[in-house]
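Make a model of the complete structure from these sequences and hints.
Okay, here's what each chain looks like letter by letter:
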Amino acid sequence: MRFSTLRQLAERCREEQVTIGQFMLNEQAFETGESKTTIVTQMTDYYTVMKEAVRRGLEHPQPSRSGLTGGDAARVRQYMDRPDGTLLGNDASRALTYALSVSEVNASMGKIVATPTAGSCGIIPGVFVSAQQRYCWADDRLVMGLFCAGAIGYVIANNSFISGAEGGCQAEIGSAVAMAAGAMTELLGGTPEQAVHAVGLALKNSLGLICDPVGGLVEIPCIVRNGFGAVTALAAADMALAGVRSVIPTDEVIEVMHETGRAMPDIYRETAKGGLAGTPTGRKLAKELFSHENGHQNADVPPEGGQR
Amino acid sequence: MRFKDVFSIIGPGMIGPSSSHTAGAVRIGRAARHLFGGMPLQAELTLYGSFAETYEGHGTDLALAAGLLDYATDDERIRNALSLAKALGMELTFNAARDPTVHPNSVLLTLRSENREDSFMGASIGGGNAEMTKINGFDVKFSVHNPTLLVFHADRLGMLAAFTSLIEAEWLNISYMDVNRKSRAGDALTVIQTDERLSGKLPDRIRAIEGVRRVASMNLS
Ligand code: SF4
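Going line by line, the protein sequences match chains A and B. All residue numbers for the first sequence refer to the numbering used here, where the first residue is 837 and numbers rise by one. All residue numbers for the second sequence refer to the numbering used here, where the first residue is 4 and numbers rise by one.
If you're looking for bench data, these hints aren't it; they were derived computationally from the structure. What you were told as hints is all true, and nothing was included just to trick you.
Mimicking BS3-like on lysine-lysine, the simulated pairs with C-alpha atoms at most 27 angstroms apart in a straight line are:
1) A:K887 / A:K872
2) A:K947 / B:K7
3) A:K887 / A:K947
4) A:K887 / B:K7
5) A:K1040 / B:K7
Given the structure is predicted, the values throughout are model-derived calculations rather than measurements.
Below, the structure written as structure tokens:
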């Protein structure tokens, strides 16, 4: 790839007069030798999986594999219908609901696309599918948005982290919010520079976020963090489109994420030993789960609708 | 660059709940199966770090079994992989171990068939991406996503030139190559990755070189 920082990425896009999404597609074709059609088809398939996950989580809410979570997306969706509406308003609430929905599908061992990880798989679909409905965009446009999100994630992943085990939740949820914010900025007509500012603004808001999943499962707090993440991405995109800049250049913010992740104690990096996982209730839930699971050690997942 | 392309960030399409503990584990299991050269009859799986602590809740056991059954990360059969493995006669055991020196999401797979045993250690490095870190005691480091050749051979002069000329004769572009030695005058393992898919005949041709003991290959993507 002909870029390793976001600054380079924005410069190249400006020189070549292309969007970040188009640039990433060109680079992918050049690097892999595959045709653009093949690459776009693959990405379109992923977008279809995302839309399907949004729908499935709302239409067929499932308890998670552990039984700890499930049904929150449907709960918020129903609340949206009350006469006074929601505080966020319909569009942001829809992004929130869809993000929760995909995240719940993930927790019940359903099919999703890692963006960039499964723990953070709700944010991009939440933001993209709700925007598609709001602006009546065709799928192709959102697919180009995924290339843009991918280019941003590529820089973050290679200069910092995208897994909670290495860099804490800032690396998973934080990266996904930044990717969604940058892509949304571009999809709404922002310049590559504005998209990069959106990434910086978003990342700053999640620096230091620890990875502390109860029982080590991608459920508590992961699912609600996906919901919050979708809403934050909208806020970051709005600010960037309005001309708000990330005064600390985004590449430097990515460096801070790296530094923070490296300094993060092991108990906050997906080991389920500290943070929310280490609270009395977190431990109690994990213990109940563990004794419960022991009886089913190395067993398959029960058929849909079945409870463990 | 640890992450090479857009689909290592957007993707894989997968069965939840964890890209590192589920999808990455499927890919490690699948790579091991291909490099082993088929379905093992027995697989002993030792899990380290966060894999060891949380494998049940993440379905890491199902995912590793699914990989050994050659399923892709988005195969709905992952949910039933343990009983499917049993039905096919693959015996699986899972253990947890500690070793602070290995990557936090690692698994050691010892695979056996009637007359053979190989061991593979893999690490799931995030976003469903995975690396092999050890093979039969050799320290290695390569991504499981690219076409890969493993050549076990005697450690002597001229071997590498012989491999590369055969590979170049097939117009394949070598993207990565690494020679691993156990001791100075003993065995060596050369790992070769190519940009293009490997043809079926190449492993046989390399096997015919004097001093080559064994060749394994995989083309996963
Ligand atoms: S808390 Fe950990 S497992 Fe959950 S989403 Fe964040 S990084 Fe992923």
